Amino acid sequence: MIISLDKKIFSEAVHTVARFAERKSGTLPVLSSILILAGDEGIKLRATNLETGIDLKLEGTCTTKGVVAVPAVVLQQIAGSLTNEGSITLEHTGDILSLSSGTGKSSIKTIPYDDFPSIPFPENPKNRIILPGIILKNLFTTIASCASSSTIRPELSSIYLSIEGGVLTAVATDSFRLAEKKVPLTNKGTQGKFLIPAKNALDIAQALPDDDIIISFDEHQCAFVSQGGMLVSRLTNATYPDYRQIIPKESVVEAVILRKDFETALKRTTIFSDAFQKIRISFDQKKNKFILFARNTDIGESTETISANISGTALDLSFNHRYLSAVLALTNAESLSLLAAGIGRPLIIKGVGDTSLLYLVSPMNQ
Amino acid sequence: MDKGNPKELWEYILTQVELSVSPANFNTWFRNSFIVKIEDGVIYVGVPSQFFKDWYLKKFHTLLLKIVRDISYEFRNIEYLIVKDERRKVQKEVKNTRGVLELPLDEFYINKSDSLNPRYTFDTFVIGSFNNLAYAAAQAVLTRPGITYNPLFIYGDTGRGKTHLIQAIGNQYKKQYPGRKAFYLTSEKFTIDYTDSVQAGTANRFKDKYRQYDLLIMDDVQFLSKKLKTEEELFHLFNTLHDTNKQIIFSSDRAPAAIPDIADRLKGRLASGMTIDIGEPDPESRMAIVKRKAASHGVMLSDEVVEYVATTMSGSIRELEGMVNNLICHAQVKGFAPDILEVRQSLRSFTRPQKTISVKNVVDKVASFYGIDEESIYEKTRRREVVRPRQVIMYILREDFNISYPTIGTKLGGRDHTTVIHSCEKIKREVVVDTDLAKEIQNIRTLLV
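First to last, the sequence lines map onto chains A and B.
Note that the working numbering has the first sequence beginning at 1, numbered continuously upward.
Note that the working numbering has the second sequence beginning at 1, numbered continuously upward.
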């Protein structure tokens, strides 16, 4: 195999693909390597860790066809060290892959590629939607942090995606807070729902191109196909809890506050939060104030008063401050609307003018 | 290994797979898989994701199929299912305990109300030429209990299946006539019961107890000899049951007339119905028994092994079963049915010790057995009473002690090795048809041990 391609393209592609290679040792050596294919379909890089997989097409010239597998770590390090413009030539002879670029030449020992698994495409790719990659990327990166990091309940460490009536709804929860984001779709026909592991979604988001991608899925597998290649992930095979049940239908008090006020106030109050990271918020409808309060017996205490538009009855609630600040990453809205349904009931946070987001956080015991 | 148990089957498959793939491959592909279910000969293997499913189909399907086919041909195919994450988790936590060697409790289960062991049924009873008469009589008794053959007296040497047959009658009787009462006991139990009741002064209750049964099965009546009072009690019980057309079945190791020290009036009554002898099982029946026994434990033995087992052990079926049990145990420990070499190895303890023995010793024993002069064996005489023993000696030397034909020839007065071959073949042929000869050789063998 002899191929030559642009250094920049090569190093970007290697960085993208290496993310999908198996990082744990002890498994098949070929799983922690990148498969380079040069054939009729052009130059392709492949990697999989059996959870997710990537098949990336590269632009370049292919002189001789061939297949070779090289350790991802080595290739990644080489790609990271490439400087200057120009092209790189990869030549495979025997069990050695030689990389030559400009003045340097390195030879890497290859790995037998017979055991490299095939990257499975959904068996019945009937369910498909088209979405700009940038939106999906944004969706996954923001919402994935709300999913549980523990693997005890696989459904909670996944993002729930449901497509209904031309809207893609993504939900993530770790049972303390929940984020729901909606994205309108151009093609309205498709319906369906699936659970993608949040970890896989993050990996995929990093590798997604900005242009349109086709998402197709079946019961066990989903694929993100774009011009530049294909990404696949296994799906979580579990039932997602009926999260709509826990969203309070009515509220007793609503506060509308400026995002930047809330952000700075929260930042300062957080310093005084206790070992449980507790912050108390108060709705004062008489003075139209929204108050954040925290007390730490070792440090001291702090009160922040923000002017707000309060409608409803006065109410005090306590929250983990991390769950409150998480909402800031989810929306870009200038103002936030906080709706409380009473003591011991969850608080809903929405961006004013941003209907796509619904964030729900459970209060701590007083 | 239990073929029906998915866990055990999968464990066995894994041990086989481990041999054929690299450890890295094994860890990557087989760690998180398991058998979900086995249905209609199709094994459903649960795998974590599509990656696995595709790869199993592509790489491991033929290997797995070969392994399961080796276990049993009843497995038609393997299918792969992607299983729910929750199920996978549970599966991981469950530690496989080694329950393989533990016999299921029902093997020892005995019904308290009638003392019948449900393990003994006609389904597991092997019928051959040696016992088909007894079997036919048993069936006749079942169709018209109390009338056709009453009492039914079955006798035969130990380990011929008497107990199995009479218990099977009892079990079948219960099934056919649900309202009626059957009872199985040994004569020893009867004796103890009687002496106890006499001691406790409840002899009348004892009488009533046994008179209520519609079918009474008494095993090993020969042990009643010399127990005069018990015999008398049985005599009365017999009369009562017989008069009311209740079926009675006896078993013994010898014919009624041959039971020593038993009252004549009882002897006559024992023989008054149908008296049937269960003979020695022929080789074919023995093979069938071995096969049936092994199959009932889910072990498939090759024909070669079956034949070896059936022919090595002569006489008692019980010993034969012991041998089969030994093989089954081996199969369960190792996870596969043993081949002929292993069988030879493991059954060495059952077979006669292959000790070296002087030709002189054999000649000595055989000559004294036939009551002829030892010297005449070595002479070139062709008298009939000498020829047969000489041939038997050659046969035994060859079969039991593996001495070469020429050596046998030289030792027995310088005969040609072809003569020896001829003699051995002749006896071998005759021993199959001539039961007297077979018995003689059997007796000689016991002398030689």
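A couple of the hints might just be wrong.
[What the hints assert, rightly or not] With a cut-off of at most 27 Å between alpha-carbon atoms, the simulated DSS-like pairs for lysine-lysine come out as follows:
id, chain 1, residue 1, chain 2, residue 2
1, A, Lys193, A, Lys126
2, A, Lys137, A, Lys126
3, B, Lys58, A, Lys57
4, A, Lys65, B, Lys58
5, B, Lys227, A, Lys24
6, B, Lys37, B, Lys3
7, A, Lys24, B, Lys3
8, A, Lys44, B, Lys37
9, A, Lys109, B, Lys3
10, B, Lys59, A, Lys44
11, B, Lys58, A, Lys126
12, B, Lys59, B, Lys37
13, B, Lys59, A, Lys65
Just so you know, the hints here were simulated from the structure itself, not pulled from any lab data.
Bear in mind the structure is a predicted one, so any value in this text is a computation, not a measurement.
Here is how each hint holds up against the structure:
no.: 1; hint: Lys193/A x Lys126/A; in the structure: holds (13 Å)
no.: 2; hint: Lys137/A x Lys126/A; in the structure: holds (23 Å)
no.: 3; hint: Lys58/B x Lys57/A; in the structure: holds (24 Å)
no.: 4; hint: Lys65/A x Lys58/B; in the structure: holds (24 Å)
no.: 5; hint: Lys227/B x Lys24/A; in the structure: violated (80 Å)
no.: 6; hint: Lys37/B x Lys3/B; in the structure: holds (12 Å)
no.: 7; hint: Lys24/A x Lys3/B; in the structure: violated (35 Å)
no.: 8; hint: Lys44/A x Lys37/B; in the structure: violated (40 Å)
no.: 9; hint: Lys109/A x Lys3/B; in the structure: violated (46 Å)
no.: 10; hint: Lys59/B x Lys44/A; in the structure: holds (23 Å)
no.: 11; hint: Lys58/B x Lys126/A; in the structure: holds (24 Å)
no.: 12; hint: Lys59/B x Lys37/B; in the structure: holds (22 Å)
no.: 13; hint: Lys59/B x Lys65/A; in the structure: holds (25 Å)
The structure does not agree with the numbered hints 5, 7, 8 and 9 stated previously, though it agrees with the rest.
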